[in-house]
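Residue numbers (the numbering used here), protein chains in the order written: chain A, 1 to 313; chain B, 1 to 289.
Since the hints were derived computationally from the structure, they do not count as laboratory data. Heads up, some of the hints might be wrong.
[As the list claims (entries may be wrong)] For lysine to any residue, the following SDA-like pairs were computed, each having C-alpha atoms within a straight-line distance of at most 20 Å:
#1 299/A <-> 62/B
#2 149/B <-> 101/B
#3 171/B <-> 309/A
#4 278/A <-> 254/A
#5 149/B <-> 139/A
#6 78/B <-> 192/B
#7 149/B <-> 312/A
#8 278/A <-> 78/B
#9 149/B <-> 265/A
#10 149/B <-> 272/A
#11 54/B <-> 32/B
#12 98/B <-> 173/B
#13 173/B <-> 270/A
#14 278/A <-> 197/B
#15 98/B <-> 139/A
#16 54/B <-> 101/B
#17 278/A <-> 171/B
#18 173/B <-> 312/A
#19 173/B <-> 32/B
#20 149/B <-> 142/A
#21 173/B <-> 313/A
#22 278/A <-> 60/B
#23 299/A <-> 135/B
#24 149/B <-> 147/A
#25 54/B <-> 68/B
#26 299/A <-> 66/B
#27 171/B <-> 270/A
#28 98/B <-> 312/A
#29 278/A <-> 268/B
#30 278/A <-> 277/B
#31 173/B <-> 272/A
#32 299/A <-> 41/B
#33 149/B <-> 270/A
#34 278/A <-> 101/B
#35 173/B <-> 151/B
#36 98/B <-> 66/B
#37 299/A <-> 40/B
#38 299/A <-> 265/A
#39 222/B <-> 149/B
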Amino acid sequence: MTASDRWQLHSLLLFSTMLCSWPALISAGAGLAGLQQIADGVYVRPGRIAVVFEAGNIANLGLVIGSRCVAVIDTGGSVAEGRALEQAIGKLTDVPVCFVINTHVHPDHMLGNKAFQRDNVQFIGHEKLPRAMALRGDTYLQRAAEYPGGIADDSQIVLPERTVSGEVQLDLGQRILILRAHATAHTDNDLSILDLQTGTLFTGDLVFLEHLPVLDGSINGWLGELDRLMGEKFERVVPGHGPVPASWPQAGEPAVHYLTELRESTRDWIARGGELGKAQEGIEVERPEQWQLIEQYHKRNVAAAFAELEWED
Amino acid sequence: MSTRTRREGEFGSLCMALMLLASFANVAHATTAEEDMAWTGGLRSAFFADREIKSDDLITLEAPQRAENAAIVPISIKAGIPQTEDRYIRTIWLFVDKNPGPLVGKFHFTPASGRADLGLRLRVDTYSPVRAIAETNDGELHMSRRFVKASGGCSAPASSDSDAAREELGKMKFLVRKEGGEENASEVEQSGLAQLMIRHPNRSGLQMDQVTRQYAPAEFVKQVTVSFEGEQIFEAETSFAVSENPSFRFYFAPQRAGEITAEVVDTEGRQFSETYDVSPSTGEVAARQ
Numbered sequence: 001m002t003a004s005d006r007w008q009l010h011s012l013l014l015f016s017t018m019l020c021s022w023p024a025l026i027s028a029g030a031g032l033a034g035l036q037q038i039a040d041g042v043y044v045r046p047g048r049i050a051v052v053f054e055a056g057n058i059a060n061l062g063l064v065i066g067s068r069c070v071a072v073i074d075t076g077g078s079v080a081e082g083r084a085l086e087q088a089i090g091k092l093t094d095v096p097v098c099f100v101i102n103t104h105v106h107p108d109h110m111l112g113n114k115a116f117q118r119d120n121v122q123f124i125g126h127e128k129l130p131r132a133m134a135l136r137g138d139t140y141l142q143r144a145a146e147y148p149g150g151i152a153d154d155s156q157i158v159l160p161e162r163t164v165s166g167e168v169q170l171d172l173g174q175r176i177l178i179l180r181a182h183a184t185a186h187t188d189n190d191l192s193i194l195d196l197q198t199g200t201l202f203t204g205d206l207v208f209l210e211h212l213p214v215l216d217g218s219i220n221g222w223l224g225e226l227d228r229l230m231g232e233k234f235e236r237v238v239p240g241h242g243p244v245p246a247s248w249p250q251a252g253e254p255a256v257h258y259l260t261e262l263r264e265s266t267r268d269w270i271a272r273g274g275e276l277g278k279a280q281e282g283i284e285v286e287r288p289e290q291w292q293l294i295e296q297y298h299k300r301n302v303a304a305a306f307a308e309l310e311w312e313d
Numbered sequence: 001m002s003t004r005t006r007r008e009g010e011f012g013s014l015c016m017a018l019m020l021l022a023s024f025a026n027v028a029h030a031t032t033a034e035e036d037m038a039w040t041g042g043l044r045s046a047f048f049a050d051r052e053i054k055s056d057d058l059i060t061l062e063a064p065q066r067a068e069n070a071a072i073v074p075i076s077i078k079a080g081i082p083q084t085e086d087r088y089i090r091t092i093w094l095f096v097d098k099n100p101g102p103l104v105g106k107f108h109f110t111p112a113s114g115r116a117d118l119g120l121r122l123r124v125d126t127y128s129p130v131r132a133i134a135e136t137n138d139g140e141l142h143m144s145r146r147f148v149k150a151s152g153g154c155s156a157p158a159s160s161d162s163d164a165a166r167e168e169l170g171k172m173k174f175l176v177r178k179e180g181g182e183e184n185a186s187e188v189e190q191s192g193l194a195q196l197m198i199r200h201p202n203r204s205g206l207q208m209d210q211v212t213r214q215y216a217p218a219e220f221v222k223q224v225t226v227s228f229e230g231e232q233i234f235e236a237e238t239s240f241a242v243s244e245n246p247s248f249r250f251y252f253a254p255q256r257a258g259e260i261t262a263e264v265v266d267t268e269g270r271q272f273s274e275t276y277d278v279s280p281s282t283g284e285v286a287a288r289q
């Protein structure tokens, strides 16, 4: 490579880096951060379908407003994103934020925690969330720092002070949330949040729409939790990714279908003595038109499913 | 809102295109010599001094160009010669040049092994050459190399369900593929392969605990020995670069029924052992209690 080649390459990279970071910065700082009311006192900041770290504003973030307290449900993938959410909440209501609930450990849901860190704000998560954050936090911060686009900022990992096993009630003032800690499913630290007053369920990443489900826990556990949830009635759900609000149980069906097909074909490959690498090439997504990010996540899911299911008797 | 979204979409495509262009330019200029800097700059001499290493087809390494899940990268090595008393592959070294500990493991074979074929799953920390080097019984060295694009495998999070691995620590599973027994054997897998699976978190020691600011101590399987009717057919000395729940595939086509024993030792000094009765005619394997 000549010096002039190098220079051209660098400027091309620099230019594309600048260009790519621009929209992310703008949208992270946008006024009300795109808050939408989906039920009385229930708001959502819809995310967009994109790959973690490559963009901001990915996860669906939410808030529920009681008479005494606001509960924030997930904080986004950077401190800037968390701050934009915090400012939007401030413009919406004078009720203070008392609770920040993380639905699970993934960085697009919790790297904005720091924006809410102050006295009188309690961070809440699944009983296994602190360990998952402890083991993965550093990797997430390093990965975030590698990407252009305003994702890398002064983020740090904020662990929950209060953890949930089973179910707990959270009183926001004339409004009760039910927090449920799930068995290992999408991750080993999935928490769902039900607003009793409106029947709105925040599923976290137990439910994906449009964004291909990402398996980082247990495929058997995930299908088990979805099966249980599908048997319950909710007025509406807020999936971790995809359009909001969504109706139930219809919104659970695409993920159940994808995971069921993935499990059956992976079991089949294992039973026929197939090897992981070939299964990754051979197992296809049955209804590809329903999903985005297949390229990015499907083979990864096959590996995770394979590594779990090969231990079945 | 919709206008902005559309504009962001356009920006997205444009920036993807530019990034792609930039990375193609980069790929075009990245030479094997640059990729091999870690190897030529010290690794090679540390392990093999100035011994001659041939690059030929005595062994063939297969690895994905792009590792979709950096904590579970499947690789396989196929031997170009059968194992005979006269000439056989004694040891295969496996390296991921740019991992924090480049040597994944040393795998030992005997004439009784039949073939020095090997399959396992690795953690690959970053874009790196992966190389297998076979040493024959007469001391010759032969290399096969692949370049794998992966990142974050070694410090990559333990799987979310590592509790499951810990609860069943040391549990083993041993499978034998019956020769020609599979209807779709050609598309699935060649025959004569055994698979030994070991439940173990195989923790790398490179995962930082945010609370204590300490690295979780390494804890991994360091030695695996497999014998058939008292004769060693496979031995592995391994590092944390082997994925959680280590899985080894090796050639195994016994001509007679017999017992196969797998012995495993980890860095904590724990020892696990299993014996199975194997019948070559049916491919059936039964664990011995």
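Evaluation of the provided hints:
At roughly 17 Å between alpha-carbon atoms, residue 299/A and residue 62/B fall within 20 Å of each other, so this suggested pair holds. In summary, the hint linking residue 149/B to residue 101/B is supported, as the alpha carbons are separated by about 17 Å, within the 20 Å threshold. This hinted pair checks out: residue 171/B and residue 309/A have alpha carbons roughly 15 Å apart, not beyond 20 Å. Restraint check: the Cα-Cα separation between residue 278/A and residue 254/A comes to about 25 Å, which exceeds 20 Å; the hinted pair is violated.
Distance hint between residue 149/B and residue 139/A is fulfilled; the C-alpha atoms sit about 18 Å from each other, no more than 20 Å. Taking the CA atoms of residue 78/B and residue 192/B, the gap is about 12 Å. The hint holds against a cut of 20 Å. The hinted pair formed by residue 149/B and residue 312/A fails the criterion: a straight-line CA distance of about 31 Å is larger than 20 Å. Under the criterion of a C-alpha separation no larger than 20 Å, the hint pairing residue 278/A with residue 78/B is consistent with the structure, at around 15 Å.
About 26 Å separates the Cα atoms of residue 149/B and residue 265/A, which puts this hinted pair outside 20 Å; it is violated. For the hint pairing residue 149/B with residue 272/A, the CA-to-CA distance comes to about 29 Å; that exceeds 20 Å, so the pair is violated. In summary, the hint linking residue 54/B to residue 32/B is supported, as the alpha carbons are separated by about 16 Å, within the 20 Å threshold. For the given pair, residue 98/B sits about 31 Å from residue 173/B by alpha-carbon distance, which is inconsistent with the 20 Å threshold.
About 13 Å separates the Cα atoms of residue 173/B and residue 270/A, which keeps this hinted pair within 20 Å; it holds. For a cut-off of 20 Å, the pair hint linking residue 278/A to residue 197/B stands: about 18 Å separates their Cα positions. Among the hinted pairs, residue 98/B with residue 139/A is consistent with the structure: their alpha-carbon atoms are about 17 Å apart, no more than 20 Å. The straight-line distance between the Cα atoms of residue 54/B and residue 101/B is roughly 24 Å, outside the 20 Å bound, and the hint therefore fails.
Restraint check for residue 278/A and residue 171/B: the C-alpha separation of about 25 Å exceeds 20 Å, so the hint is violated. With a CA separation close to 10 Å, the supplied pair residue 173/B and residue 312/A stays within the 20 Å bound. Of the pairs offered as hints, the one joining residue 173/B and residue 32/B is violated, with about 39 Å between alpha carbons and a cut-off of 20 Å exceeded. Restraint check for residue 149/B and residue 142/A: the C-alpha separation of about 18 Å stays at or below 20 Å, so the hint holds.
A threshold of 20 Å between alpha carbons decides the hint, and for residue 173/B with residue 313/A the separation of about 10 Å falls inside it, so the pair holds. Under the criterion of a C-alpha separation no larger than 20 Å, the hint pairing residue 278/A with residue 60/B is consistent with the structure, at around 17 Å. For the given pair, residue 299/A sits about 34 Å from residue 135/B by alpha-carbon distance, which is inconsistent with the 20 Å threshold. Of the pairs offered as hints, the one joining residue 149/B and residue 147/A holds, with about 17 Å between alpha carbons and a cut-off of 20 Å not exceeded.
This hinted pair does not check out: residue 54/B and residue 68/B have alpha carbons roughly 30 Å apart, beyond 20 Å. Proximity of residue 299/A to residue 66/B is assessed by CA-CA distance (about 11 Å); at most 20 Å being required, the pair is judged to hold. A threshold of 20 Å between alpha carbons decides the hint, and for residue 171/B with residue 270/A the separation of about 18 Å falls inside it, so the pair holds. Simply put, residue 98/B and residue 312/A have alpha-carbon atoms about 34 Å apart, too far for the 20 Å limit, and the pair is violated.
Restraint check: the Cα-Cα separation between residue 278/A and residue 268/B comes to about 34 Å, which exceeds 20 Å; the hinted pair is violated. With a C-alpha separation of about 29 Å, the suggested pair residue 278/A and residue 277/B falls outside the 20 Å cut-off, and the hint is violated. Restraint check for residue 173/B and residue 272/A: satisfied, since their Cα atoms lie roughly 16 Å apart, inside the 20 Å limit. For a cut-off of 20 Å, the pair hint linking residue 299/A to residue 41/B is broken: about 34 Å separates their Cα positions.
Of the supplied pair hints, the one linking residue 149/B and residue 270/A is violated, its CA atoms being roughly 26 Å apart against a limit of 20 Å. A C-alpha spacing of about 27 Å is found between residue 278/A and residue 101/B, which places the hinted pair above 20 Å, so the restraint is violated. Taken as a hint, the residue 173/B and residue 151/B pair is broken in the structure, with Cα atoms around 29 Å apart against an allowance of 20 Å. Only pairs whose Cα atoms come within 20 Å are accepted, and residue 98/B paired with residue 66/B is accepted, the gap being roughly 15 Å.
Our distance criterion of 20 Å between C-alpha atoms is broken by residue 299/A and residue 40/B, whose separation comes to about 33 Å. Distance restraint check for residue 299/A and residue 265/A: the Cα-Cα separation of roughly 13 Å lies within the 20 Å cut-off, and the hinted pair is therefore satisfied. At roughly 26 Å between alpha-carbon atoms, residue 222/B and residue 149/B are farther apart than 20 Å, so this suggested pair is violated.
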